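Residue strings, one per chain:
4 protein chains.
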Amino acid sequence: MKKIINQAVEKGKKFTMLGKVADYIPELGNVDPDLVGICITDMEGNQYCGGDYNKYFTIQSISKVVSLILALEDNCKDYVFKHVGVSPTAESFNSITQLETKNEHKPMNPFINSGAIVTLSMVNGIDYEQKFNRIKRMMEKMINRDGVEINSSVYQSERLTGNRNRALAYYMQSTKVFNEDVEKILDVYFRICSFKVNCIDISNMAATLSNGGVSVYTGERIISKETVKIINVIMSSCGLYEGSGKFALDVGVPSKSGVGGGIVSIVPGKLGIGVFGPSLDLNGNSIAGIKMLEYVNNKLELSIY
Amino acid sequence: MKKIINQAVEKGKKFTMLGKVADYIPELGNVDPDLVGICITDMEGNQYCGGDYNKYFTIQSISKVVSLILALEDNCKDYVFKHVGVSPTAESFNSITQLETKNEHKPMNPFINSGAIVTLSMVNGIDYEQKFNRIKRMMEKMINRDGVEINSSVYQSERLTGNRNRALAYYMQSTKVFNEDVEKILDVYFRICSFKVNCIDISNMAATLSNGGVSVYTGERIISKETVKIINVIMSSCGLYEGSGKFALDVGVPSKSGVGGGIVSIVPGKLGIGVFGPSLDLNGNSIAGIKMLEYVNNKLELSIY
Amino acid sequence: MKKIINQAVEKGKKFTMLGKVADYIPELGNVDPDLVGICITDMEGNQYCGGDYNKYFTIQSISKVVSLILALEDNCKDYVFKHVGVSPTAESFNSITQLETKNEHKPMNPFINSGAIVTLSMVNGIDYEQKFNRIKRMMEKMINRDGVEINSSVYQSERLTGNRNRALAYYMQSTKVFNEDVEKILDVYFRICSFKVNCIDISNMAATLSNGGVSVYTGERIISKETVKIINVIMSSCGLYEGSGKFALDVGVPSKSGVGGGIVSIVPGKLGIGVFGPSLDLNGNSIAGIKMLEYVNNKLELSIY
Amino acid sequence: MKKIINQAVEKGKKFTMLGKVADYIPELGNVDPDLVGICITDMEGNQYCGGDYNKYFTIQSISKVVSLILALEDNCKDYVFKHVGVSPTAESFNSITQLETKNEHKPMNPFINSGAIVTLSMVNGIDYEQKFNRIKRMMEKMINRDGVEINSSVYQSERLTGNRNRALAYYMQSTKVFNEDVEKILDVYFRICSFKVNCIDISNMAATLSNGGVSVYTGERIISKETVKIINVIMSSCGLYEGSGKFALDVGVPSKSGVGGGIVSIVPGKLGIGVFGPSLDLNGNSIAGIKMLEYVNNKLELSIY
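Residue numbers (the UniProt record's numbering), protein chains in the order written: chain A, 1 to 305; chain B, 1 to 305; chain C, 1 to 305; chain D, 1 to 305.
These are computed hints drawn from the structure, not numbers from a lab. You can take every hint at face value.
Which copy is meant is left open, because identical chains are indistinguishable; a pair holds if it fits in one copy or across any two.
Under the rule of at most 25 angstroms between Cα atoms (straight-line distance), these lysine to any residue pairs were calculated in the SDA-like manner: (1) K13 - Q47; (2) K270 - L249; (3) K176 - D23; (4) K176 - E242; (5) K2 - S303; (6) K2 - E294; (7) K55 - V216; (8) K229 - E294; (9) K270 - Y305; (10) K246 - F178; (11) K246 - S121; (12) K299 - F81; (13) K20 - T175; (14) K82 - Y295; (15) K20 - Q173; (16) K176 - D281; (17) K77 - E294; (18) K246 - S92.
Remember, predicted model here, so these are calculated numbers, not experimental data.
Given these sequences and hints, build the entire structure.
This is how it looks when you write it as structure tokens:
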């Protein structure tokens with residue numbers, strides 16, 4: 001396994017120059033594009049790490065998985081999917097067009113920005129602070145450590161430049177998809193996207209899902225089995241934005257990427273994988289991350305299909 | 001002329017029940033749908049009025065004409081049309097889709113909401129208050145009376161429910177179409193849409209344009225000739241939202257409607273017409289207003305084509 | 001006038017290198033891009049010509065005007081516009097998207113390809129041959145000479161490469177917009193687009209319309225007054241594809257362009273103008289043609305607005 | 001198992017009245033909407049059948065699976081997916097819009113009509129007849145019997161009313177997605193859609209895929225392992241048109257539906273399921289078919305996620 005890890009990192013490093021660090025948020029642009037890391041956790045809690053596995057990056061869209069988990073645990077599945085769709089989309093992750101052109105006034109799926117904002121509105125909480133704290137707490141349980149912190153310069157940067165997300169939220173407010181304090185719910189959104197994690201963290205997160213919702217360390221059930229299954233389904237078809245279809249062909253494991261450069265991959269019953277590489281392809285997915293997952297998949301035959 | 005006026009009002013009254021008062025702003029829904037009024041001003045300043053010509057209504061989108069006039073007077077034509085297009089659109093007046101799907105990141109024309117907000121940003125003013133005051137002053141000159149007032153309940157209603165316009169503005173902010181304080185520029189937008197006018201007022205407004213920009217009462221030049229021509233062009237193709245094409249066929253005079261029920265019509269060199277009827281067709285245009293203009297056009301052959 | 005003509009040609013020549021000859025039909029690509037011609041006819045039948053005014057080119061989309069004239073003369077206006085819209089469009093002239101996305105299953109206007117094909121289906125004729133002959137005859141009357149000929153290599157080229165038009169026609173057949181023999185109606189379409197004309201011809205065509213439908217040479221009424229008015233309206237808003245809005249601002253006379261490089265311009269009651277220059281702008285309009293019309297308009301103040 | 005089969009049929013029968021038999025092809029409208037059948041094949045070749053499992057219906061879009069199998073076996077995977085995408089789509093199966101609006105001129109995936117036609121063009125054959133025969137032969141191997149027949153009235157009906165498919169094909173021809181004799185390739189398309197199969201047939205087809213491409217009866221390898229995996233991936237995300245996302249949540253096995261009322265479902269390594277019920281939901285999928293698959297899945301926990 002150690003050899004596979006090392007070779008995966010070597011493979012990944014070769015591709016970092018083909019991509020570009022996310023720059024739509026100024027703060028994200030200041031990261032070293034050549035970082036590459038991986039961590040694999042098995043169902044006994046053994047971990048195999050390589051490269052820059054302990055470098056921190058912001059979790060970004062991988063946080064959408066946590067919001068969706070809580071929304072599903074807090075509500076029945078039918079309620080959740082009455083407010084957000086389960087259809088993959090070939091539109092960009094921040095597209096506003098489909099909110100207007102599709103008949104149903106609901107976002108296509110929970111992993112595009114509009115869908116994630118709606119999902120957030122279905123997470124319980126007496127106020128926005130509690131909503132935030134419940135998501136933070138769930139994340140900490142999944143990554144198996146307390147005290148996740150926010151990268152405050154990224155958070156401030158997102159808040160200042162998040163007009164596209166404001167447009168999405170006000171649009172949904174106008175079509176009565178939800179009824180929230182737009183600035184406050186976006187503040188929660190910007191904060192949970194700014195959590196600092198490393199490959200070990202997201203590998204643990206993946207392992208919790210691969211293990212059916214039960215911590216591989218404590219044996220505690222963190223997420224219900226039914227929710228885990230739903231997460232796997234939606235990750236499979238929508239987890240890598242417009243690259244989801246090709247990724248399913250090439251790797252074939254439920255995964256979710258973030259523009260911070262991380263990808264979590266669920267190999268049900270077997271492994272939880274976290275990869276990292278801030279250089280992104282045109283779809284906004286970590287180039288080195290995908291290459292490492294392809295390599296590991298080739299060696300270990302992980303595809304669920 | 002008096003007979004034509006009376007018969008036009010009779011004609012208009014027959015159609016009011018086929019439409020619906022605007023209800024996207026709650027306050028607008030409380031108007032008597034059967035009101036019908038008309039006022040025609042000739043180039044000597046004679047006026048012929050009928051029906052509910054002195055009932056007040058909110059000017060709504062007709063205010064977009066005034067913003068565009070000032071934007072054109074404050075900047076060169078090329079500058080203005082680098083920021084907003086001159087293409088008619090078959091999309092709804094509050095569509096956000098075309099902002100995303102069209103290659104150029106600018107609104108299609110100055111008479112849809114997004115375009116009007118951009119136009120507003122090109123009106124000079126050291127602050128938003130001065131911007132507002134200059135528009136108010138231009139409007140007062142055109143309608144030939146001081147002290148136009150705001151319908152404050154309509155204004156409050158627009159402000160509270162204007163999330164679609166917030167979405168448009170934040171979207172344009174995110175694509176760098178402009179750089180404004182979104183809440184403040186929208187506040188100006190909501191205020192100028194809430195001006196209370198009657199048929200005499202908008203007939204005077206029309207007469208100023210029909211007379212080439214010169215007041216028919218004082219002989220003062222209020223608007224440059226070149227600006228007037230541009231206004232006529234854009235009214236001709238974009239003045240009645242998606243109904244513009246059919247209206248050009250049926251009536252054929254540069255006009256602009258508002259969801260308050262008013263329509264201004266420019267008969268260059270001859271007449272300035274203001275009609276009113278709050279019952280709207282599916283495109284958001286006054287049903288009785290269009291019928292009255294068709295009638296008057298049939299009698300007087302006004303079409304510019 | 002002679003001086004204006006000469007200077008217009010000089011002006012036009014300066015811009016030919018900025019555009020590109022149409023190449024979507026291979027045969028069209030073989031034309032000298034630097035050709036520039038103009039012919040102006042007044043209501044007494046006097047003609048002023050300059051540049052390559054007697055060079056022949058294919059009429060292309062200008063033929064859509066003739067089809068629309070006959071469809072309007074053969075049917076009532078309401079019938080025609082129940083089958084084809086009067087809305088300008090910001091989509092490309094051969095767009096198929098709007099046929100699918102707009103609620104009404106009808107083309108946006110008679111001057112985009114889909115609309116022109118539907119218009120053709122409303123021209124009377126016991127068979128497709130008669131349909132073709134009636135259009136040819138109307139064209140000959142308007143251009144004041146018999147024996148217009150088809151450029152057969154262009155016609156063959158269009159027929160062989162006209163798959164986009166086949167797609168449009170079969171699509172409309174499938175949505176029951178019309179019910180025709182697709183290959184046969186397209187054959188008429190390809191033939192009338194391939195008529196060879198020069199600036200004198202299209203200037204005569206324009207003059208007939210400027211003179212209200214009456215030949216300036218024989219005094220014969222060729223087209224009804226009502227039809228002429230409708231043609232002027234639709235030319236004003238849809239005549240230059242996506243460039244229609246800007247052209248209305250800059251020139252402001254009802255006009256129709258073709259990718260062969262011709263533009264007809266109607267100055268009602270005054271002039272009929274035909275210009276030619278095969279080098280096209282991005283919207284598919286003659287670059288030199290537009291520049292010449294701008295120049296002539298500046299000198300003679302022709303705008304209808 | 002027999003009990004599950006019977007109860008599944010009972011369950012299915014309750015929902016047939018909620019849907020509608022396909023009527024876009026007149027011939028398809030003449031089927032009894034209350035038919036409901038199921039057949040399950042295990043990896044030893046044992047079969048469990050219920051309801052109208054031996055009634056014949058036309059295979060329709062399930063034939064797209066067979067074309068894709070041959071295209072993949074005849075070409076490398078990269079070649080195939082350079083010509084057709086792997087992205088699910090929220091557009092209708094016969095949408096033409098996305099061919100125009102998406103940047104890449106290729107259909108979204110092989111299971112919408114445009115994609116299936118392109119896929120067909122990649123199946124080897126010295127002429128269209130051989131192309132057809134190779135697809136027929138592959139189908140016969142998968143369904144484990146010779147002599148599949150065409151329902152000639154459905155075939156004729158498709159051919160006469162297939163103008164939407166003609167539009168798609170000519171459109172793709174015009175954008176150089178492929179270069180085929182449109183009528184001839186569509187003839188192959190219409191013929192393979194008209195094959196008469198029953199639940200046993202499509203259950204065998206499914207079993208061949210579930211068994212990794214090897215016949216459960218003869219042990220012969222019919223399809224390569226790599227191709228089977230790709231088929232599973234694309235069925236998972238695109239197999240039930242716009243209903244694919246919800247079906248993945250509710251059932252979670254790679255499946256493909258046809259408007260004839262059939263659905264094939266692959267339970268890798270375990271079962272091949274064929275269900276039938278001509279009453280369709282709004283997405284064009286068999287209502288009873290989906291309900292039976294949900295029931296069987298609930299009992300046997302088949303989801304791959």
